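Got two chains here, separate frames each, mind docking them using the hints?
Listed here are the chains, written in short residue letters.
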Amino acid sequence: MTTVIRDAAGEIKTFMETAAGLVLQSGEYLEEVDVPFGVYARRLRLSALGRYGELVRVPAGDGTVTVTVECPGEASVTLDINGLVEDVPLADGTGTLTLGCDTPGTFIITPADREKFGAIGEAVCVVEVVE
Amino acid sequence: MNMFKGKGKPPAAVEKRDGVVHLKPDNTSSQGKHAVDLAALSQGGLKVDELADIVGRLMERVKELEEG
Numbered sequence: 001m002t003t004v005i006r007d008a009a010g011e012i013k014t015f016m017e018t019a020a021g022l023v024l025q026s027g028e029y030l031e032e033v034d035v036p037f038g039v040y041a042r043r044l045r046l047s048a049l050g051r052y053g054e055l056v057r058v059p060a061g062d063g064t065v066t067v068t069v070e071c072p073g074e075a076s077v078t079l080d081i082n083g084l085v086e087d088v089p090l091a092d093g094t095g096t097l098t099l100g101c102d103t104p105g106t107f108i109i110t111p112a113d114r115e116k117f118g119a120i121g122e123a124v125c126v127v128e129v130v131e
Numbered sequence: 001m002n003m004f005k006g007k008g009k010p011p012a013a014v015e016k017r018d019g020v021v022h023l024k025p026d027n028t029s030s031q032g033k034h035a036v037d038l039a040a041l042s043q044g045g046l047k048v049d050e051l052a053d054i055v056g057r058l059m060e061r062v063k064e065l066e067e068g
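Chains A and B, in that order, give the protein sequences. Here the first sequence is numbered in our numbering, starting from 1 and rising by one per residue. Here the second sequence is numbered in our numbering, starting from 1 and rising by one per residue.
By construction, these hints were calculated from the structure, which means they are not laboratory data. Just so you know, these numbers come straight off a predicted model, no measurement behind them. Errors might be hidden in some of the hints.
As the list claims (entries may be wrong) - For each label pair, taking beta carbons as the anchor points, the in silico distance ranges come out as:
#	chain 1	residue 1	chain 2	residue 2	range
1	B	Leu65	A	Glu31	45 to 53 Å
2	B	Glu66	A	Val33	52 to 60 Å
3	B	Arg17	A	Thr106	16 to 24 Å
4	B	Met59	A	Pro89	45 to 53 Å
5	B	Arg57	A	Pro59	21 to 29 Å
6	A	Glu17	B	Glu66	46 to 54 Å
7	B	Asp18	A	Gly121	52 to 60 Å
8	A	Arg42	B	Val55	39 to 47 Å
9	B	Arg17	A	Asp34	42 to 50 Å
10	B	Met59	A	Asp92	51 to 59 Å
11	B	Val55	A	Gly121	44 to 52 Å
12	B	Asp18	A	Val130	22 to 30 Å
13	A	Thr68	B	Val62	37 to 45 Å
Positions of the beta carbon are idealized from the N, C-alpha and C atoms, including for glycine.
Isolated chain B (complex conformation) (with noise of 0.2 Å):
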């Protein structure tokens, strides 16, 4: 049975590390690209297209928390 069938998106995605579970960042919503941005901003060796898009995401990300 699918709880979810016709009500929206479903859950995000989750993984089990160290006995703990825990979300897989939503690469979909600009929230989850965020997430899924900075993580690779921590891993470094970004190609000058790539950080330019992140710096476009980010841009969104913070008009849209000044937005509320």
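Just chain A, same shape as in the assembly (with noise of 0.2 Å):
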């Protein structure tokens, strides 16, 4: 069983395996999920040079820096990148998306349907293209 706290607008704020201590904000409140939490946290992963949810720095070049996206029993996934909105098509749960490390800045990657998949831990990844 896993327990999700929603904000008031409905969003996954986060979620743990029990909610004992918990102490609601105002417009918060529970959701108890019928899946064991190691399920639950891996629905959305994302990775990028093999680490998950750490923040990945690389050189700023002519390269490209690819994100795994894996997120079982879906057919597609909505990503938002700084702001855009990509839908990642996958295969077997698996796909990926690929980042330009021509212009240095951050690209903060999180799943852009925030009622369905909370941007936290393994569903973010930070990728900084540094000089």
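Put into structure tokens, the structure is as follows:
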């Protein structure tokens, strides 16, 4: 069982294995999901250079960085990349997103549908292109 | 929901070209202006005052890099 905490807009704020000791903020509410915590946490995972949920730094240049998208059981997933909403097609629950490294700056990749996936943990990928 | 609300400046704008997502140069920071300047220089056709501005910003950028 997984306890999902949603904000007033119905978007996933976070999720926990137990609601023990939890104090909700104004407008927040709980949802009990009959899915083991580990399975729920792996519904959407983003990785860059094989690292999940970490800040990944890469040097600026002509190359690219591939972000691997894992979303078991889905045919596609919609991601937000610095405000650009992209639908990523998946094969067997896996797909990729390619980022250019030509300009220094930071890519922040999060799920676009926050009612379905929270922008937390391994569902967030940050890639910083540094000079 | 805006996860960046009240937490500093938002991330740089991006654009998709040929299936690859690219960051757009940030033309508000000195680093971003430098990138925009280089792009303008590579395309040529600058007026004298534009070139002078670019040289001035290049000097500022060099000074920043020297100071670390």
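Hint by hint, here is what the structure shows:
1. Look at Leu65/B against Glu31/A: about 51 Å separates their beta carbons, and that is inside 45 to 53 Å.
2. At roughly 55 Å, the beta-carbon separation of Glu66/B and Val33/A lies within the given 52 to 60 Å, and the hint holds.
3. For Arg17/B and Thr106/A, the hinted distance range of 16 to 24 Å is satisfied, since their beta carbons lie about 19 Å from each other.
4. The given range of 45 to 53 Å is respected by Met59/B and Pro89/A, whose C-beta atoms sit roughly 48 Å from each other.
5. For the pair Arg57/B and Pro59/A, the supplied restraint of 21 to 29 Å holds, since their beta-carbon distance comes to about 23 Å.
6. Between Glu17/A and Glu66/B the Cβ separation comes to about 52 Å, which falls inside the hinted range of 46 to 54 Å.
7. The beta-carbon spacing between Asp18/B and Gly121/A, approximately 31 Å, falls outside the hinted interval of 52 to 60 Å.
8. Remark: the range hint 39 to 47 Å for Arg42/A to Val55/B is contradicted by a beta-carbon distance near 53 Å.
9. For Arg17/B paired with Asp34/A, a C-beta distance near 44 Å keeps the hint of 42 to 50 Å intact.
10. Taking the beta carbon of each, Met59/B and Asp92/A are about 54 Å apart, inside 51 to 59 Å as hinted.
11. Our hint of 44 to 52 Å for Val55/B and Gly121/A holds, since their Cβ atoms are close to 47 Å apart.
12. The given range of 22 to 30 Å is respected by Asp18/B and Val130/A, whose C-beta atoms sit roughly 23 Å from each other.
13. For Thr68/A paired with Val62/B, a C-beta distance near 39 Å keeps the hint of 37 to 45 Å intact.
The structure fails to meet hints 7, 8 from the earlier list, while all remaining hints are met.
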